[in-house]
Amino acid sequence: MGRYLGRKLLIYLLTFFFAVTIDWLIPRLMPGNPVDTMIARMALRADVAEVLRSYYIRAFQLDLPLWQQYLNFWIALFRGDLGVSTWLFPQPVIAVIYRAVPYDLLLLLPAILLSWIAGNQVGAMAARVRWLDNTILPLGYILTATPYMWLALLLAWALGHVAGLFPIAGAYSFNIRPHLSWLFIQDLLWHWFLPFTSLFLVMFGGWAIGMRNMIIYELEADYSRYLEALGAPQRLIRKYAFRNAMLPQITGLALQLGAIVAGALATEIVFAYPGTGYLILQAVQNQDYFLLQGCFLFIITGVLLANFIIDIIYALVDPRTRLGMTGE
Amino acid sequence: MGLRVENLRVYYRTLRGYVRALEGATFSVADGEIMGLAGESGCGKTTLGHSLIYLKPPMTYIEGRVFLDGREVPIWDMKRMNEFRFRRISIIPQYAMNALNPTRKIGRMIAELLAAHNVDFNEILPELKRRLDLVQLSHDVLNMYPIELSGGMRQRVVMVISTLLNPSLLIADEITSALDVSTQKAVCEMIVEFRNRGFVRSTIFITHDISILYQIADTIAVMYAGQMAEKAPTEVILRSPRHPYTRMLIASLPRVGARYRQERLHGIPGAPPRLLDPPPGCRFRDRCPVAFERCQETPPFVEVEPGHFIACWREI
Amino acid sequence: MRAGIRHEFLYFALRNAKLRVGLSILLLFIVAALIGPLFARYDPNAYVGPPAHPPSPEYWFGTTTFGQDVYSQFAHGLRSTFVVGLIGGGIGTLLGILIGLVAGYRGGLLDEILNMFTNIVLILPTLAVLIIIAAYLTVRGILVESIFIGCTAWPWAARAIRAQTFSLRAREFVDLARMSGRSSLKIMLTEIAPNMMSYLFMTFILQFGGAILNAATLDFIGLGPTQGMSLGLMMNNAVLWAALQLGMWWWLIPPGAAITAIVGALYVMNVGLDEVFNPKLREL
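Residue numbers (my numbering), protein chains in the order written: chain A, 19 to 346; chain B, 213 to 528; chain C, 2 to 285.
Extracted from the complex, chain A is given alone in its bound form (with noise of 0.2 Å):
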């Protein structure tokens, strides 16, 4: 298990110092001087220009040799220093990243936690009951075929806009101060419920369809075939082929993360729900690059943080990994 956690960790080191120089590259690489492309592309009055001209000058250090850039870029990094907003000027990125955390985790954590949990349970079902099987297997293909943006766009539409039920942009009401109270909490879950059920619907229709041709495959595997020979009732024969499909799912969504979380990036945009999706957009609008550097390596870090955690549940409920009977 020691092993197998830590070749996955070497990998995840790996992607982490791949990403940080694709970060550190990518500006390099395009034609001309960044600073000049991007101050021009501003439109600023000429005095907050040259003020951002040499902020941008001091923080590419395009002066010094490339290998110093680089080491300075990791320095710097690893104060915990991704540069200054623009957009925001002067606030320092890592603070703008910062108050958009907890709204990232409050959608995202119950929505795949859900999702995953309610598409197994339903997929294996409709591995078994037959008219379940015939709507669940249609209404999954069109979920996971259905792009993250425009389920919340209908149901925002539906929900939102003609029903009148539901907010459509926001975390909280204009008029409420965040704090600790019934109200506020109220006002807070009563914003996040559509950004929430489009996600986990979207999500739902993938976990449903893989758990139930999982537990197919797994109905027709040697251990299930040996059972029911031997006169094993279905219960038993399910139970074991659930917890064997099961593995292959917590595999899945580690695999799912990236998908994921550009569906909730998507998603915190319909709804302009404030965490790192409606940054993002905020960003490129703006034309604010340290904060979009910022939230890339913001979501590398949590996505790598995110599979080393679901490695270590990997490897705790696989026992060919506990054992370390498997390398990969």
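Don't read these hints as lab results, they were simulated from the structure.
A hint or two may mislead.
Said to hold, decoys possible - Simulated pairs of lysine to aspartate or glutamate, EDC-like, Cα-Cα distance not exceeding 16 Å:
no.: 1; chain 1: B; residue 1: K397; chain 2: B; residue 2: D421
no.: 2; chain 1: B; residue 1: K397; chain 2: B; residue 2: E386
no.: 3; chain 1: B; residue 1: K268; chain 2: A; residue 2: E246
no.: 4; chain 1: B; residue 1: K268; chain 2: A; residue 2: E238
no.: 5; chain 1: B; residue 1: K268; chain 2: A; residue 2: D240
no.: 6; chain 1: A; residue 1: K257; chain 2: A; residue 2: E246
no.: 7; chain 1: B; residue 1: K291; chain 2: A; residue 2: E246
no.: 8; chain 1: A; residue 1: K257; chain 2: B; residue 2: E386
Stated by the list, open to error - Chain B residues, not near chain A, derived (Cβ > 12 Å throughout):
no.: 9; residue: A242
no.: 10; residue: I359
no.: 11; residue: S374
no.: 12; residue: S389
no.: 13; residue: K397
no.: 14; residue: R409
no.: 15; residue: Q427
Being a predicted model, the structure only gives us computed values, none of them experimental.
Note that the Cβ used here is the ideal one computed from N, Cα and C, for glycine as well.
Got chain A sorted already, so can you dock chains B and C onto it with the hints?
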């Protein structure tokens, strides 16, 4: 009392029609008898073995009756068969090495399987341990996951599990095919030992390797293209076979008792007929050196001497 | 014999309901993408009509907040969706085949390195990388977008193809080819690849759908093509210019509905193809 099979007909349903894999098998296996069931791959021997315990689509029951210890076995009824499976009819499958749930400890899996049959695990545990000793497995395997065992050990665990409730009939399906010669011998000895100790009463030992049967089988039944060709005591089959197919099969072994593999069986010219739409009459007709007009009709499987059955018009 | 097998595939393919439904929907949209723009009377970005006008005989899908014709945007956006799918999915599949085949066939150290690289790119959240790249590109066309999407989408294909290659490598006909002294490249292309043709085709279909979804998200964030029109861009504009608050459903619904239908049709087709190619899954 043993096993009695009468005119058993089992087909496979496919899109293009029925594959006639088992055509009217009639035979019996006595108490304490180990019957070897031999033939080329695709001759229906595995179909026969499986249909006695687990007749699952696309396998389709057409007709025939099966009696075990005088009681009819409803092989066509998946639900009612559960009462027979494991307790009275059991199987050691061909895939025995992969037959254990990879994510359950072996002891726990056995306990859960027994509970489903209303047997108390703790009550049977001493006997289980004795049998593990018999197949030279440590008691620790009960606390292990299948992956911690070698393939051979897993097979022995499955052999113990399958026979734990002392079934009247054991079907051993190609259990020696994937093994090296010395392990083959050990497995065969265990099967005989199980019979001698009364863990199982009748045994059907399915294999394509006739030479193995010489070591363990009391009788040998030979199948060809879905039909029973000949059944007789082992000595008789090996020394004086009478069905032309059996004769060619035995002749293709260089020496009785030598271990030779399936490839040798291709020494008979020609190929078995397709079972999707087989010609009427004796299915060996096209490859048979002594065929004549009568072979257009299906020959009956008749007892020519006590315990010696043949389906061939020349020998009746 | 081979003709017989091909005939059998065709037989099962025509009988497979999933394949038929998926293919019909896909063909419908392909035709719409091909001839739809011919019926568009306006430039997709020109301000041609009254603002925020619901669908009418004059403006089939209504107009945007600025009076652009939604139908024209939709028809052109549909075209770019297929372009992205074809090029992005194509590049993703080709890279996947290349890396998977070489890693699986060669094995050894090269495999270790390629496998490590595949795992790294697999973990990287594709969209995050695309955002960074797109943000720094001053001019973005649909072609460039497709290329970048393809270049980040290959890892899972490579992994699956590597596994397939591993199992084929040990087969007799490959051994035979190797003993007869043929070059590795030739063996990979003439012996191994044709034997997983069905698999490669299905990989392409999934890559096609994935590229469309990725492009839609990227466009929606506002990092889509700076010129031209796409379905994701339509949704991006709709959200930015308050289509939601104004209840302009004719602007919100068509682009996403088209993407869902196309990608859904691809997925269903893929399941159907799996049943056709894989005899075990055929219903009896």
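Non-interface claim for I359 of chain B versus chain A (Cβ beyond 12 Å):
violated (5 Å)
Just double-check R409 of chain B for me: nearest Cβ-Cβ distance to chain A has to come out over 12 Å.
holds (21 Å)
Measuring Cβ to Cβ, find out whether S374 of chain B lies farther than 12 Å from everything in chain A.
For S374 of chain B, whose nearest Cβ neighbour in chain A is about 7 Å away, the distance does not exceed 12 Å, so it is violated.
Given the proposed pairing of K268 of chain B with E238 of chain A, does the C-alpha separation stay at or below 16 Å?
Holds: K268 of chain B and E238 of chain A sit about 12 Å apart, inside 16 Å.
Holds or violated: are the alpha carbons of K257 of chain A and E246 of chain A at most 16 Å from each other?
Holds - the C-alpha atoms of E246 of chain A and K257 of chain A are around 13 Å apart, at most 16 Å.
Decide if the proposed pair is consistent with the structure: K257 of chain A and E386 of chain B, CA atoms, cutoff 16 Å inclusive.
violated (29 Å)
Please settle this one: K397 of chain B was flagged as non-interface, so is its CB more than 12 Å from every CB on chain A?
Holds, because the least Cβ-Cβ distance between K397 of chain B and chain A comes to about 25 Å, which exceeds 12 Å.
Between K397 of chain B and D421 of chain B, does the CA-CA distance stay at or below 16 Å?
holds (13 Å)
Beyond 12 Å on every Cβ pair: is that true for S389 of chain B relative to chain A?
holds (15 Å)
Pairwise hint evaluation, E246 of chain A against K268 of chain B, where the allowed Cα distance is 16 Å at most
Roughly 10 Å separates the two Cα atoms, so the pair holds.
For the pair supplied as a hint, K268 of chain B and D240 of chain A, is the alpha-carbon distance within the 16 Å limit?
Status holds; Cα separation ~14 Å.
With the threshold set at 16 Å, check whether the alpha-carbon distance from K397 of chain B to E386 of chain B stays at or below it.
Since the Cα atoms of K397 of chain B and E386 of chain B sit roughly 14 Å apart, the hinted pair holds (cutoff 16 Å).
Violated hints, in rising order: 8, 10, 11; the structure is consistent with all others.
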